[in-house]
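The primary structure of each chain is shown beneath.
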Amino acid sequence: MSTTTAPLATRLEIKRTINASPERVFALWTEAEKFTQWFGGNDFVLKRMTGAIRAGERLVIEGSNGPCGEINLEISYREIKPTSRLVFGWRTTTPPMDTEGDTTVTVNFRPVGDKTEIHLIHEGFATEKGCEAHKDGWNHVIDRQMKVLGC
Amino acid sequence: MVQQLSDRPTRIVDLAAPFKISLPAISKHVRVLEDAGLVTRQKQGRESTIHLREESLSQAIDWLERHRRFWEKSFDNLEAFLQQTPQKTKPKTKEKKP
Numbered sequence: 220m221s222t223t224t225a226p227l228a229t230r231l232e233i234k235r236t237i238n239a240s241p242e243r244v245f246a247l248w249t250e251a252e253k254f255t256q257w258f259g260g261n262d263f264v265l266k267r268m269t270g271a272i273r274a275g276e277r278l279v280i281e282g283s284n285g286p287c288g289e290i291n292l293e294i295s296y297r298e299i300k301p302t303s304r305l306v307f308g309w310r311t312t313t314p315p316m317d318t319e320g321d322t323t324v325t326v327n328f329r330p331v332g333d334k335t336e337i338h339l340i341h342e343g344f345a346t347e348k349g350c351e352a353h354k355d356g357w358n359h360v361i362d363r364q365m366k367v368l369g370c
Numbered sequence: 221m222v223q224q225l226s227d228r229p230t231r232i233v234d235l236a237a238p239f240k241i242s243l244p245a246i247s248k249h250v251r252v253l254e255d256a257g258l259v260t261r262q263k264q265g266r267e268s269t270i271h272l273r274e275e276s277l278s279q280a281i282d283w284l285e286r287h288r289r290f291w292e293k294s295f296d297n298l299e300a301f302l303q304q305t306p307q308k309t310k311p312k313t314k315e316k317k318p
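Quick mapping for you: the protein sequence lines, in order, are chains A and B. Using the numbering used here, you'd call the opening residue of the first sequence number 220 and step up by one each time. Using the numbering used here, you'd call the opening residue of the second sequence number 221 and step up by one each time.
Don't take every hint at face value.
With the C-beta cut set under 10 angstroms, the calculated list includes, among others, these residues of chain A facing chain B [stated by the list, open to error]:
{"id": "1", "residue": "229"}
{"id": "2", "residue": "319"}
{"id": "3", "residue": "322"}
{"id": "4", "residue": "323"}
Computed list of lysine-lysine pairs in DSSO-like fashion (alpha-carbon distance at most 27 angstroms, straight line) [as the list claims (entries may be wrong)]:
{"id": "5", "chain 1": "A", "residue 1": "253", "chain 2": "B", "residue 2": "293"}
{"id": "6", "chain 1": "A", "residue 1": "300", "chain 2": "B", "residue 2": "293"}
{"id": "7", "chain 1": "A", "residue 1": "266", "chain 2": "A", "residue 2": "253"}
{"id": "8", "chain 1": "A", "residue 1": "334", "chain 2": "A", "residue 2": "253"}
{"id": "9", "chain 1": "B", "residue 1": "293", "chain 2": "A", "residue 2": "234"}
{"id": "10", "chain 1": "A", "residue 1": "253", "chain 2": "A", "residue 2": "234"}
{"id": "11", "chain 1": "B", "residue 1": "263", "chain 2": "B", "residue 2": "248"}
{"id": "12", "chain 1": "B", "residue 1": "263", "chain 2": "B", "residue 2": "240"}
{"id": "13", "chain 1": "A", "residue 1": "300", "chain 2": "A", "residue 2": "334"}
{"id": "14", "chain 1": "B", "residue 1": "293", "chain 2": "A", "residue 2": "266"}
{"id": "15", "chain 1": "A", "residue 1": "334", "chain 2": "B", "residue 2": "293"}
{"id": "16", "chain 1": "A", "residue 1": "234", "chain 2": "A", "residue 2": "334"}
Calculated directly from the structure, the hints in this document are not laboratory data. Just so it is clear, CB atoms sit at the ideal spot from N, CA and C, and this is done for glycine as well.
Turn these sequences into a full structure, and let the hints steer you where they fit.
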């Protein structure tokens with residue numbers, strides 16, 4: 220009798236078309252003073268940001284997220300291709316998410332007429348520790364897997 | 221398939237039964253779930269029983285939902301920020317078409 224296990228891996232994709240040129244949208248991601256104006260989730264409040272948005276460098280973001288408390292995040296810039304592509308490492312350094320390890324975010328910017336399509340892929344999550352289940356998310360995982368199989 | 225696995229561990233042959241696809245095809249589906257760490261395969265002789273890794277399922281769902289909400293909200297903020305800061309008017313240059 221034998222049991223096989225594999226590390227858990229997930230991949231998150233979001234596409235959004237923004238009513239602005241790629242130059243303008245890209246600047247919001249790569250100019251620190253603009254980045255801080257919009258970056259964050261529902262209850263995320265930015266407290267401090269250090270570092271630089273440059274390939275090979277890191278941005279350290281300190282903030283709080285409502286009932287979750289302090290959240291510190293490290294973003295390591297791997298590739299910055301002006302107006303079209305951005306790749307960065309993403310690591311939460313505050314518990315309990317500090318166990319989630321390094322993940323990778325790839326953002327592609329594509330002109331669509333006068334607008335810009337942002338295609339974000341956040342992937343690489345692999346850990347043995349986790350929190351509570353939320354059933355809706357399962358369908359996304361399954362859908363992607365069925366696509367891999369060509370179903 | 222997943223619904224069935226959430227009820228109880230199931231043999232591959234029983235997983236295939238409700239679907240009009242072959243055993244190797246079902247096995248491929250299971251392999252994808254296995255590679256993602258969402259199910260485990262327990263072999264007993266020539267038979268395999270598939271178990272849903274409920275803990276992993278929770279981890280995947282939690283991670284996906286948390287980050288999806290984070291990015292969706294960030295994009296909302298980004299759009300709102302763009303609306304608050306209108307673009308400086310620049311003369312448009314037309315591209316020459318071949």
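Outcome of the hint check:
| no. | hint | result |
| --- | --- | --- |
| 1 | 229 | 5 angstroms, holds |
| 2 | 319 | 7 angstroms, holds |
| 3 | 322 | 8 angstroms, holds |
| 4 | 323 | 12 angstroms, violated |
| 5 | 253/A / 293/B | 16 angstroms, holds |
| 6 | 300/A / 293/B | 24 angstroms, holds |
| 7 | 266/A / 253/A | 15 angstroms, holds |
| 8 | 334/A / 253/A | 19 angstroms, holds |
| 9 | 293/B / 234/A | 13 angstroms, holds |
| 10 | 253/A / 234/A | 21 angstroms, holds |
| 11 | 263/B / 248/B | 16 angstroms, holds |
| 12 | 263/B / 240/B | 24 angstroms, holds |
| 13 | 300/A / 334/A | 18 angstroms, holds |
| 14 | 293/B / 266/A | 18 angstroms, holds |
| 15 | 334/A / 293/B | 19 angstroms, holds |
| 16 | 234/A / 334/A | 13 angstroms, holds |
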